[in-house]
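All chains, please: the whole structure from these sequences, using the hints.
Protein chains: 2
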Amino acid sequence: MTDFATWIATQKDRTEAALGRLLPRSDEAPATLHAAIRHSMFAGGKRLRPILLLAACEACGGDTEKALPAACAVECIHTYSLIHDDLPCMDDDDFRRGHPTCHKVYGEAIAVLAGDALQPLAFELLLQSGGAELVKELAVAAGSKFLIAGQVLDLEGEERQISFDELRTIHEGKTAALLTCCFRLGGLIADASPQSMEALTTFGYNLGLAFQVIDDILDCTQSSEKLGKTAGKDAASGKSTYVSILSLEKARDEAARLTNEAHAAIAPLGQSASRLREIADHLLARDY
Amino acid sequence: MTDFATWIATQKDRTEAALGRLLPRSDEAPATLHAAIRHSMFAGGKRLRPILLLAACEACGGDTEKALPAACAVECIHTYSLIHDDLPCMDDDDFRRGHPTCHKVYGEAIAVLAGDALQPLAFELLLQSGGAELVKELAVAAGSKFLIAGQVLDLEGEERQISFDELRTIHEGKTAALLTCCFRLGGLIADASPQSMEALTTFGYNLGLAFQVIDDILDCTQSSEKLGKTAGKDAASGKSTYVSILSLEKARDEAARLTNEAHAAIAPLGQSASRLREIADHLLARDY
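Listed in order, the protein sequences are those of chains Y and P. Those letters in the first sequence? Residues 1 to 288, by this note's numbering. Those letters in the second sequence? Residues 1 to 288, by this note's numbering.
Please note that the accuracy of each hint is not assured.
Pairs involving identical chains hold if they fit within one copy or between any two copies, as the list cannot separate such chains.
Said to hold, decoys possible - Straight line, CA to CA, 25 Å or less: simulated DSS-like cross-link-like pairs of lysine-lysine: (1) Lys-66 - Lys-12; (2) Lys-12 - Lys-250; (3) Lys-104 - Lys-145; (4) Lys-239 - Lys-145; (5) Lys-66 - Lys-136; (6) Lys-136 - Lys-250.
Note that these hints are calculated values from the structure, not bench results.
Written out as structure tokens, the structure reads:
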């Protein structure tokens, strides 16, 4: 088996090549819009969601070439949510991953529209990897009860002290739902068994929450330079995080617990899930 | 055949009942978001797009009951585009159809998210009326080269004098693409022949442009009260319209010409297209 770092780099490269091919070119009309979309799509993302989708597809014996458009689709949804999240009326962020945000470069109106355009593009791309069952999966995860619900509760939570359960609900929506969706899409494209689909779902949910706990930890332990975005922003704005609600030490324990749950979920998949295990280790082993 | 006014009222009622049933309830979490969605979805719309979809389905011998979720889906796309179009960073409108706009009631952040949530909801609903071919159709029409392209060109056109061809390109994107999509979705759900699909496409395109020419005319000839939105806004802002580019008289001629093209397109469909003819007459016979 290819070593993990090489495998990750390969999937990232494949995803970026596919994005380069599948996204509208910057010289296609309307050029400003397509340039804005490419600005945000190629602003140094880790391509975590596409990689998760490809890993799940591979773990279930599927053809990852067929899964590439779907991998691009989930990155479109993720990027649209970041573009809108960064808007002045939302989190009002000037930088993300060390790059100026979409509205800083192209103005707010184009940023709203660039985000808007990425949603139908995602569904169009998805159809290159499969049919209606993929659309249903992504539509629910990106919809008002998951991805958007997380954003709404996050906004509402800024105004008051929230509980641990409320925080978890926010992150189930903002992060875990889309990550779980990535694993499930990969499984569906590979025509995975119901047992494998259930394993991927539990794995994705726990990994997604673990990932978010770690992001909260990193926000208060790392420098802006290392993060590629403004650090310490959560604490400065008095926003509730796993760290502020649980303490740093207990947040670290929670991240470890969730990762253990994730590992337990895919134990029945045996050897075929070893990439998924490596991914879980990789995400938890970030320097927090 | 039921008389036209009764038929229209029936389709509008059916659409609103279906929307009431199919949209998330206002008490489902996150309640603020779902209330904002319902605020804009039930703010006095004419339900033109759903009615067009149902008419096309009926004209092609399809089951309009099966088409109802798709009819709701196109209304979701239309409403999301209005919510975002009304934002302060876009057209900055306080009222639409006599009701306060979404961001005036719920704030900008929730308005952005309510619009965002309506897109995946549209694709989810669409799947209750059919499969991947419907998703492809709506994803393209709502995407960066049609609906959004129209918005972008419209924004860019505010800053300078634009040509007749540029204006037509704006309205092809902003209006004609989605109306054409409605007719095509209705045809696809009815399993229409390729000839019928082509007739519906040409019909929709011409009707869509005609509809927009008339909107431009009404903006400068009618009162705000009658329009249910601020009248004369285009002229006041120096925005290019069919009227400002062509003159009022020539804009009226253009509307009539486009409607004739629309009628010619569906002539081969004979008697089965009589509702579509009534719709074209109805839209052109608005008091302009």
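| Which numbered hints fail | 2, 6
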